[in-house]
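Novice: These protein sequence lines are chains H and A, in that order.
With the numbering used here applied, the first sequence has no gaps in its numbers, which climb one by one up to 355 at the end.
With the numbering used here applied, the second sequence has no gaps in its numbers, which climb one by one up to 415 at the end.
Quick caveat, the hints were computed from the structure, so don't treat them as lab data.
Nothing here was measured: the structure is a model prediction, and the numbers come from that model.
All C-beta atoms, glycine included, are put in the ideal place defined by N, C-alpha and C.
Just to be clear, a hint being listed does not mean it is correct.
[To be verified] To spell it out: a stretch of chain H is covered by chain A in this simulated footprint if at least three of its residues, at any positions, have a beta carbon under 8 Å from a beta carbon of chain A; those stretches are:
hint : segment
1    : 142–156
2    : 325–331
[What the hints assert, rightly or not] Partial list, derived from the structure: chain A residues whose beta carbon lies under 7 Å from chain H:
hint : residue
3    : 112
4    : 272
5    : 317
6    : 363
7    : 366
8    : 367
9    : 373
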Amino acid sequence: MKKRNLGLALSAVLASGTLLAACGSDDAKKDDKKGDKDAFSVAMVTDTGGIDDKSFNQSTWEGIQAFGKENGMTKGNGGFDYLQSKQDSDFTTNINNLVRRDFDLVFAVGFKLHDSVEQVAKQQKDAKLAIIDEVVEGHDNVTSIMFKANEASFLAGVAAALESKTDKVGFIGGMEGAVIGGFQAGFEAGVKAANPKVKVDVQYAGSFGDAAKGQTIAKRMYDSGADIIFHAAGGTGNGLFTEAKERKKKDAKADVWAIGVDRDQYDEGKVGDTNIVMTSVLKRVDIAAKDVSKLTKDGKFPGGKTITYGLKDNGVDLADSHGAISEKTMKKVEEFKAKIVSGDVKVPELPAKK
Amino acid sequence: MSKKWISVLIPVISIILGLIVGAIVMLATGFNPIDGYIALWNGVFGDSYNLGETIRAITPYVFAGLAVAFAFRTGMFNIGVEGQLIMGWLAAAYVGYAWDLPNGIHAAVAIIAAAVAGGLWAFIPGLLKAKLQVHEVIVTIMMNYIALHVANATINYLSDGKEKTETIKESASLTSNFLGELTDFSRLHWGFVIALAAVIVMWFILQKTTRGYELKAVGFNKNAAEYSGMNVKKNIILAMVISGAFAGLGGAMEALGTFGNIMKMTAFSGIGFDGIAVALLGANQPFGVLLGAILFGSLKNGGLNMPNEAGIPDEIVSIVIALIVFFVASGYIIQLVLTKMGKKNKKNNKNVKGEE
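Sequences and hints are given; from them, build the entire structure.
Specialist: Okay, here's the thing in structure tokens:
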């Protein structure tokens with residue numbers, strides 16, 4: 002506290018006039034905080050994708066909003082709020098700002114915030130932090146939230162194998178590594194479990210933002226006889242949708258399908274009255290955000306732990322197919338889902354080495 | 060009104076005008092401008108934490124501004140500060156984590172490595188300009204992209220496919236517990252002292268050394284400089300290298316101070332480009348650059364607090380901050396108005412006297 006006063010004095014030297022007003026508002030804020038102590042509050046910091054990125058930032062915010070609504074909270078101090086990061090250097094400041102506003106729980110979205118979360122966790126022992134899609138170890142005040150994308154990918158593989166008329170399906174990955182490897186491993190295992198005769202054509206684009214490359218790969222796969230392609234490649238996947246839509250436009254009866262990723266990408270696949278998106282592998286970040294908020298509110302903050310969301314907790318799932326997947330296939334998908342949930346089927350986390 | 064008064068009044072009036080127009084924007088979009096500006100103020104000076112973060116944000120802007128200004132003074136547009144800064148960032152981070160050196164020396168070596176990396180990156184456009192008259196604007200812009208992707212590829216290689224390099228060793232770090240505790244755990248680091256020193260170094264080079272005089276002479280008039288026996292080509296290359304070295308130092312601040320590593324970047328940091336505005340705001344004078352950087356860094360860091368404290372969305376904050384910078388940059392218009400008003404007043408005074 003002494004140090005803080007010293008700093009205040011420092012700033013007083015720098016600028017004398019308006020400081021009085023600033024101090025006044027500071028005091029008011031402190032009073033506010035005291036009043037809010039009883040009520041539970043939650044906030045989040047986005048990565049540079051922004052709050053409306055149609056991906057995990059947006060999902061997290063939707064989860065927080067839903068949680069706030071259920072608990073009669075309002076946006077702002079003592080309720081729920083978010084801060085956007087424009088640059089990487091904003092992460093730490095934003096997390097700190099929210100912690101200072103006495104939010105009981107602060108979500109940090111994305112692996113890029115790893116270092117900032119670690120740093121703030123070390124300095125602000127009373128703060129409760131949660132990081133999404135990344136593991137921060139060794140801090141009792143940080144919860145790490147991960148998703149078993151391989152399980153939902155398995156179901157996508159089952160659906161693709163049973164719906165394929167050419168007995169050939171494709172997988173487009175963003176960058177090779179543990180994260181996307183999970184999608185590939187699940188998808189391949191699902192295809193194999195449903196129909197071992199179906200071949201999976203796997204190719205990585207080496208980028209999450211190269212739609213042109215995504216389209217080239219999709220074109221090659223469709224040309225070589227694949228009729229359903231699953232992508233786990235972020236922006237690169239947009240090329241897949243472009244290629245599939247073009248083919249559908251030329252020939253309305255063409256059997257071209259794409260499977261989306263992370264959120265329901267149905268809107269990306271519209272071609273006139275039809276749609277080329279068969280389903281999407283969902284990562285329910287919103288459910289996870291809601292869950293962890295609820296736990297924390299009830300005084301059961303899972304600090305120092307990594308929570309992994311799978312099919313069991315509805316943390317990952319397949320999106321509504323809008324009728325693109327036949328009922329017969331859906332039955333089979335549900336069967337496998339039940340088996341994975343019960344533990345009868347174990348989904349590999351990494352693709353088999355060649 | 061005397062000239063001295065005008066030169067003090069102009070920046071004050073421009074900032075006030077910027078604030079007023081910014082307030083109108085906030086009012087028009089349904090936000091309370093008073094709350095907004097209190098939040099901005101608190102974000103800059105509000106408490107020791109914010110003050111520390113503000114100084115931290117100012118530091119790289121000082122270097123970026125100096126880099127652009129130095130090249131300007133020698134008659135060149137160094138648009139490549141961003142790229143040179145990234146190369147300096149990379150070099151400092153690498154030396155910081157991969158080398159083992161004693162306390163103090165390690166940081167110094169990492170900082171020098173950053174300056175060398177930035178300088179080398181600027182040497183290429185300097186050489187092309189001096190030997191082949193290739194315009195430095197094109198080369199430096201393109202080299203920004205090369206730097207971005209070369210850095211990403213190098214990080215990928217160094218870290219075995221991870222998103223960032225290892226964290227630098229304690230001995231290379233510019234952060235300090237003392238500063239951290241003083242400012243309530245802000246990321247303030249010793250870099251601001253180096254930034255102040257750099258301001259003085261640039262002033263010294265330009266004003267007190269023969270070399271600096273030559274560099275300025277080349278900037279004023281290349282042909283005249285050559286006619287009077289100066290080696291224009293050598294001076295062009297040297298100017299670019301020094302400019303790049305300043306930019307590289309800015310990168311070292313990020314590597315050794317703010318972040319402690321370098322991560323793959325999907326887009327430019329923006330510091331290098333803002334450096335152009337900082338240099339122009341500061342009229343390419345070292346101490347002017349310092350003031351420009353203080354304005355930029357304060358607004359950038361204070362702006363973060365506007366959504367935080369007053370609930371004003373980032374987009375509106377960006378517009379308000381751009382307006383303030385815009386009015387400061389267009390100080391010339393205000394100068395024109397002021398001098399005209401001054402003349403009118405004099406006339407009026409004379410008339411009054413005449414009537415008497």
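Novice: Taking the closest Cβ pair, is residue 112 of chain A under 7 Å from chain H?
Specialist: 6 Å, holds
Novice: How about the segment 142–156 of chain H: do at least three of its residues have a C-beta closer than 8 Å to a C-beta of chain A?
Specialist: Contact hint for the segment 142–156 of chain H vs chain A: violated, 0 residues under 8 Å.
Novice: Should the interface hint for residue 363 of chain A be scored as holding, given a Cβ-Cβ cut-off of 7 Å against chain H?
Specialist: The hint holds - residue 363 of chain A has a Cβ within 7 Å of chain H, the shortest such distance being about 6 Å.
Novice: Holds or violated: is there a CB of chain H closer than 7 Å to the CB of residue 367 of chain A?
Specialist: 5 Å, holds
Novice: Just to make sure I understand the rule, a stretch counts as covered if three or more of its residues have a C-beta closer than 8 Å to a C-beta of the chain. Does the segment 325–331 of chain H meet that for chain A?
Specialist: With 0 residues in contact (Cβ-Cβ under 8 Å with chain A), the coverage given for the segment 325–331 of chain H is violated.
Novice: Was the hint right that residue 366 of chain A lines chain H, CB cutoff 7 Å?
Specialist: Holds - the Cβ of residue 366 of chain A comes within 7 Å of chain H, reaching about 6 Å at its closest.
Novice: Does the CB of residue 373 of chain A sit less than 7 Å away from some CB of chain H?
Specialist: For residue 373 of chain A, the interface hint holds, since the closest Cβ of chain H sits about 5 Å away, which is under 7 Å.
Novice: Is the hint on residue 272 of chain A kept, meaning its closest Cβ partner in chain H is under 7 Å away?
Specialist: 36 Å, violated
Novice: Under the criterion of a CB-CB separation shorter than 7 Å, is residue 317 of chain A in contact with chain H as hinted?
Specialist: This hint holds: residue 317 of chain A lies near chain H, its Cβ roughly 6 Å from the closest one there, short of 7 Å.
The structure shown violates the earlier hints numbered 1, 2 and 4.
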